[in-house]
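J.: The lines below spell out each chain.
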Amino acid sequence: MDAQLKKGFLEFCVLAALKDADSYGYQIVKDVSTCIEISESTLYPILKRLETSQQVSTYSVEHNSRLRKYYQITDKGIGQINRFLEDWDEIEKIYKFIKGDKEDE
Amino acid sequence: MNKQEFLERLENLLNKLSPSEREKAISYYSEMIEDFIEDGCTQEEAVIKVGTPGQIAETILSEDVSNKSKKESTPAKKMLIATLIVLGSPFWGAFVLMGLMLLLTGFCLLLVGYMLLWTIPFLMGTLTVVSVILSVVSTLGSFAIMQSNLALGLTQFGVGVIASGLFILLAISTGMISKYFVVITKNVWGWVDINCLQRLRGIKLW
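Each protein sequence line maps, in turn, to chains A and H. Going by UniProt numbering, the first sequence opens with residue 1, and the numbers climb by one from there. Going by UniProt numbering, the second sequence opens with residue 1, and the numbers climb by one from there.
Since the hints were made in silico from the structure, they are not lab data. Keep in mind that a hint or two might mislead.
Claimed, not checked - Calculated cross-link-like contacts (lysine-lysine; reagent style DSS-like; alpha-carbon spacing at most 27 Å): (1) A:7 with A:19; (2) H:24 with A:7; (3) A:76 with A:30; (4) A:96 with A:7; (5) A:48 with H:16; (6) A:7 with H:16; (7) A:76 with H:24; (8) A:7 with A:30; (9) H:24 with A:19; (10) A:48 with A:30; (11) H:49 with A:7; (12) A:76 with A:6; (13) A:6 with H:24.
Input sequences plus hints: build the corresponding full structure.
T.: Put into structure tokens, the structure is as follows:
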């Protein structure tokens, strides 16, 4: 997929991975990878952006005598997902326009 | 490369970041490697899977720069406001303005001094040009004079030869002095650049 387009989608995919349950870095990469390619190094800046824009919050949990950082989606993050889903009609319209289908034909 | 080496290398590459940002990145990658190992990878495999420290640092630093440039407008605005407050106050404003004027005067004096210095090579250059004209005109002209008055012509020829000699000496010394001045200028500028300008730009030298 086009790199720019993918970059836009990834943020929503990461949010979606946190929608049902809190998760940590390694697990997020695994979950998101089932639908779109993501690496550990691409995830890091995304999580940082989501954290600074307060779409996710973080907390640490002890695991095997080390700390694991968990990410939790905030209301703002859920709002972001919903806004993306609401934009679907518009995205479909763009898709059709690019493809060349005219609606009124 | 084992985990320890990987994290140390990454930490070194991220030394431009604030300690807290650096710590965040280090603990993120440390956690990732641990999780890979827990999932059955060896330490070496885990390190390879998360990527090279160089690439990782590049991604993080490029991201950090874009964040900073957005925030930078606020300190600049604060500086402007602080300057306006100081300049606007009747007491301190006068002092600061006076200081600024003194600085400006000092700068102008330095500039004038520097220009005066260059008048030496300029004067010598002018003399060089004069001497070359004199030598050519005298030498050629002396032949014409010789036909009517031999003694005067010969004297004139001698003047031409002397002028040629002067021209050679002047040309060489002008070239040398100019070079010397350029070297001095470069050295002084280099010193100003390192001690004032780079410090102003926030580059750490020591």
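J.: Hint by hint, note whether the structure agrees.
T.: Hint check:
1. Taking the CA atoms of residue 7 of chain A and residue 19 of chain A, the gap is about 19 Å. The hint holds against a cut of 27 Å.
2. A threshold of 27 Å between alpha carbons decides the hint, and for residue 24 of chain H with residue 7 of chain A the separation of about 22 Å falls inside it, so the pair holds.
3. Annotation: proposed proximity of residue 76 of chain A to residue 30 of chain A holds, straight-line Cα distance about 24 Å (limit 27 Å).
4. Between residue 96 of chain A and residue 7 of chain A, the direct Cα distance comes to roughly 21 Å. Compliance with the 27 Å bound is thereby established for this hinted pair.
5. For a cut-off of 27 Å, the pair hint linking residue 48 of chain A to residue 16 of chain H stands: about 17 Å separates their Cα positions.
6. With a CA separation close to 26 Å, the supplied pair residue 7 of chain A and residue 16 of chain H stays within the 27 Å bound.
7. For the hint linking residue 76 of chain A to residue 24 of chain H, the alpha-carbon distance of about 23 Å falls within 27 Å, and the restraint holds.
8. For the hint linking residue 7 of chain A to residue 30 of chain A, the alpha-carbon distance of about 17 Å falls within 27 Å, and the restraint holds.
9. Annotation: proposed proximity of residue 24 of chain H to residue 19 of chain A holds, straight-line Cα distance about 23 Å (limit 27 Å).
10. In summary, the hint linking residue 48 of chain A to residue 30 of chain A is supported, as the alpha carbons are separated by about 18 Å, within the 27 Å threshold.
11. Restraint check: the Cα-Cα separation between residue 49 of chain H and residue 7 of chain A comes to about 21 Å, which is no more than 27 Å; the hinted pair holds.
12. With a C-alpha separation of about 22 Å, the suggested pair residue 76 of chain A and residue 6 of chain A falls inside the 27 Å cut-off, and the hint holds.
13. For the suggested pair residue 6 of chain A and residue 24 of chain H, the alpha carbons sit about 25 Å apart, so the restraint of at most 27 Å is met.
In the structure shown, no violation is registered for any of the earlier numbered hints.
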